[in-house]
Amino acid sequence: MDIYQKHGYKDRKDYLESLALEFGLPKRVVFIAANMLGKNEDFDGLLTTLEDATW
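Residue 1 is where the sequence shown starts when you use the numbering used here, and the numbers rise one by one after that.
I should point out that these hints are in silico values taken from the structure, not numbers from a laboratory. Accuracy of the hints is not assured; some may be wrong.
What the hints assert, rightly or not - Computed cross-link-like contacts, DSSO-like style, restricted to lysine-lysine with a CA-CA straight-line distance of at most 27 angstroms:
no. : residue 1 : residue 2
1   : Lys13     : Lys39
2   : Lys10     : Lys39
3   : Lys27     : Lys6
4   : Lys13     : Lys27
5   : Lys27     : Lys10
6   : Lys27     : Lys39
7   : Lys6      : Lys39
Assemble the whole structure, with the sequences as input and the hints as a guide.
Quick look at the structure:
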């Protein structure tokens, strides 16, 4: 079981799509930010970045 499944998602894509819905952002914005930051920031830096993007 990987980190995404431990948090209740099928995989990274499912997690990122969920974040797009949660933050009201286009999927492409979330995927671009996630790719720039890398997987190690998915549950930390990515969330901060998406929060900042909604202001």
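Taking the hints in turn, this is what the structure says about them:
1. Taken as a hint, the Lys13 and Lys39 pair is honoured in the structure, with Cα atoms around 11 angstroms apart against an allowance of 27 angstroms.
2. Under the criterion of a C-alpha separation no larger than 27 angstroms, the hint pairing Lys10 with Lys39 is consistent with the structure, at around 15 angstroms.
3. About 22 angstroms separates the Cα atoms of Lys27 and Lys6, which keeps this hinted pair within 27 angstroms; it holds.
4. A distance of roughly 10 angstroms separates the Cα atoms of Lys13 and Lys27; the hinted pair therefore holds under the 27 angstroms criterion.
5. Under the criterion of a C-alpha separation no larger than 27 angstroms, the hint pairing Lys27 with Lys10 is consistent with the structure, at around 17 angstroms.
6. In summary, the hint linking Lys27 to Lys39 is supported, as the alpha carbons are separated by about 16 angstroms, within the 27 angstroms threshold.
7. The hinted pair formed by Lys6 and Lys39 meets the criterion: a straight-line CA distance of about 15 angstroms does not exceed 27 angstroms.
In the structure shown, no violation is registered for any of the earlier numbered hints.
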